[in-house]
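Take a look at the letters that make up each chain.
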Amino acid sequence: MTTDPAITGLSGTIIHDEIVPARAPWLHHVAKGQTLRVVDVEGNQAVDFLIYSAADDVERYSAQDTVAAQGNLFLKTGSVLLSNEGRPMMTITDTSVEYHDTIGGACSCESNTLRYGHHTKAQHACVENFLEANLTEGRGKRDMVPNINFFMNVPVEEDGSLGIVDGISAPGLTVDLRAEMDVIVVVSNCPQINNPCNAFNPTPVRMIVTA
Amino acid sequence: MTTNLADPMAARDHARAMAGTRADAMPVLPPAADDLPEGVSANDLVWEEMIAAGGYATRRLSRGSRLRLIDLEGDACASLLIYNADMPTERLNVADTVKVQWNAYLGENKLLLSDMGRVLMSILYDEAGTHDTFCGTSNAATNEAKYGEGRNSGAFPNGRDRFLLGSAKHGLQRRDVHPCVNLFKGTRIEKDGTITPQIGPFDSGRSMILRAEMDVIVVIANCPHVMDPRDEYAVTRLRATAWRGPVTPQDDAARNASPEGLRAFENVEDYYRR
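Protein chains in written order, with UniProt numbering: chain A, 1 to 211; chain B, 1 to 274.
Keep in mind that the hints were calculated from the coordinates and are not lab data.
Keep in mind the model is a prediction, meaning the values are calculated, not measured.
A few of these clues could be false.
[Stated by the list, open to error] Label-pair restraints from in silico Cβ distances:
{"#": "1", "chain 1": "A", "residue 1": "Glu158", "chain 2": "B", "residue 2": "Leu262", "range": "32 to 42 angstroms"}
{"#": "2", "chain 1": "B", "residue 1": "Pro31", "chain 2": "A", "residue 2": "Pro21", "range": "52 to 62 angstroms"}
{"#": "3", "chain 1": "A", "residue 1": "Val80", "chain 2": "B", "residue 2": "Pro30", "range": "45 to 55 angstroms"}
{"#": "4", "chain 1": "B", "residue 1": "Thr196", "chain 2": "A", "residue 2": "Val165", "range": "19 to 29 angstroms"}
{"#": "5", "chain 1": "B", "residue 1": "Glu108", "chain 2": "A", "residue 2": "Val165", "range": "21 to 31 angstroms"}
{"#": "6", "chain 1": "A", "residue 1": "Glu137", "chain 2": "B", "residue 2": "Glu269", "range": "34 to 44 angstroms"}
{"#": "7", "chain 1": "A", "residue 1": "Ala55", "chain 2": "B", "residue 2": "Thr196", "range": "32 to 42 angstroms"}
{"#": "8", "chain 1": "A", "residue 1": "Asp166", "chain 2": "B", "residue 2": "Leu262", "range": "41 to 51 angstroms"}
{"#": "9", "chain 1": "A", "residue 1": "Pro21", "chain 2": "B", "residue 2": "Pro201", "range": "25 to 35 angstroms"}
[Unchecked claim] The list that follows gives simulated cross-link-like pairs (lysine to aspartate or glutamate, EDC-like), each with its CA atoms no further than 16 angstroms apart:
{"#": "10", "chain 1": "A", "residue 1": "Lys76", "chain 2": "A", "residue 2": "Glu158"}
{"#": "11", "chain 1": "B", "residue 1": "Lys146", "chain 2": "B", "residue 2": "Glu266"}
{"#": "12", "chain 1": "A", "residue 1": "Lys76", "chain 2": "B", "residue 2": "Asp192"}
{"#": "13", "chain 1": "A", "residue 1": "Lys32", "chain 2": "A", "residue 2": "Asp4"}
{"#": "14", "chain 1": "B", "residue 1": "Lys146", "chain 2": "B", "residue 2": "Asp231"}
{"#": "15", "chain 1": "B", "residue 1": "Lys169", "chain 2": "B", "residue 2": "Asp86"}
{"#": "16", "chain 1": "A", "residue 1": "Lys141", "chain 2": "A", "residue 2": "Asp57"}
{"#": "17", "chain 1": "B", "residue 1": "Lys146", "chain 2": "A", "residue 2": "Glu85"}
{"#": "18", "chain 1": "B", "residue 1": "Lys146", "chain 2": "B", "residue 2": "Asp228"}
{"#": "19", "chain 1": "A", "residue 1": "Lys32", "chain 2": "A", "residue 2": "Glu180"}
{"#": "20", "chain 1": "A", "residue 1": "Lys121", "chain 2": "B", "residue 2": "Asp270"}
{"#": "21", "chain 1": "A", "residue 1": "Lys76", "chain 2": "A", "residue 2": "Asp94"}
{"#": "22", "chain 1": "B", "residue 1": "Lys191", "chain 2": "A", "residue 2": "Glu85"}
{"#": "23", "chain 1": "A", "residue 1": "Lys32", "chain 2": "A", "residue 2": "Asp176"}
{"#": "24", "chain 1": "A", "residue 1": "Lys32", "chain 2": "A", "residue 2": "Asp182"}
{"#": "25", "chain 1": "B", "residue 1": "Lys191", "chain 2": "A", "residue 2": "Glu158"}
{"#": "26", "chain 1": "A", "residue 1": "Lys121", "chain 2": "B", "residue 2": "Glu266"}
{"#": "27", "chain 1": "B", "residue 1": "Lys191", "chain 2": "A", "residue 2": "Asp4"}
{"#": "28", "chain 1": "A", "residue 1": "Lys141", "chain 2": "A", "residue 2": "Asp159"}
{"#": "29", "chain 1": "B", "residue 1": "Lys191", "chain 2": "A", "residue 2": "Glu157"}
{"#": "30", "chain 1": "A", "residue 1": "Lys76", "chain 2": "A", "residue 2": "Glu98"}
We treat Cβ as the ideally placed atom computed from N, Cα and C, and that holds for glycine.
Required output: the full structure, derived from the provided sequences and hints.
The following block contains the structure:
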């Protein structure tokens, strides 16, 4: 019998285990107390991540509330992900990557035209994924807010410069999140091919939920 | 029975006698200002209001309008939301604002970008230099924890609830109230990601001028910054003045400040190509 390194350290029973293809959206309900593990299967893949309260989806992840409460931009083991009403939604209980980004937001067809040129308008983007997944549950454009970028490295330099630095992730690295309320997790497995956040090559990620 | 109630018209007379009262926070109607920049006609003035400490204000501004904000007494915090007035599902996107310009610190010639790849407003003039794109505003929970209460109807109203009221007056809902930028109160980011607030209080009278690049709805909440280290609910009045102005010309400095920003202007010019 071989041991799967992707499930090392997870406790409880695996109730969901899914590969999200490169560039695809993913939506899943995670109950309070359950843990979601995100696995960067091939490394250097950005995982754009939104959270909504299952009981009231107007309550959703707030990057600004989260970083203000912890006084730091980087999401690390122990970071509590707060809602726009200041309540804990999920906690990062463990991660094998030093820190994750929550200020860079998601790529969109529209913002891509600004960053890379009008020729990128036709490319698939994270906001398309978020909309596609959210629309299945009645949420739309008004429900889009800045998200977490797991496995992404966005430091802020002294002069305010904010680049995207080559990933600090590697194949098989993980982040574990415990749900602090019943939540809806919406993911865009980022399709970006114009910057190093995906090593210019989107790859699959794996989502494992334990209870 | 009081005298007031003995005479059914006494309430009316009392109410009418209050008209013309000056308060330290109020709108001026019709708008008047004796300190408009040179070349700005008093006829083009569209808004003059002193926003209360802990208060909020909202306004629809036409494309080309200038909005001047003055931190009158040195301790204002102008938390700002912006919507496209014709289609409020398009709104300020703070993440795109910092990401697209490759820089998170606001100042002269920086743009406030929408989630549709367009520029909502640009910063024409800034003598403050202390602004914040990271921390958002306070909410009922943070004010409750810090000041003992945070209700709209209480003594320590919070920024999010102020935004909810201001946005609601344009028919908008809880799901429309998004991340904001904070003007006049700043943050600096340390190497390890630590957020260092720049709270002041600062010299009184610092001002900035923004230009509407689309027809916009602005909602401004003037509540203490959420990382204000002081125990007391410390905030002072904010003055807002707006006047009509020309649409941005092709050779404008803010328009041409960066190739990314130029494309945001090209997108907005395309949107108004009707």
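Quiz item: Of the numbered hints stated previously, which ones are contradicted by the structure, given in increasing order?
Solution: 1, 8, 9, 10, 11, 13, 22, 27, 28
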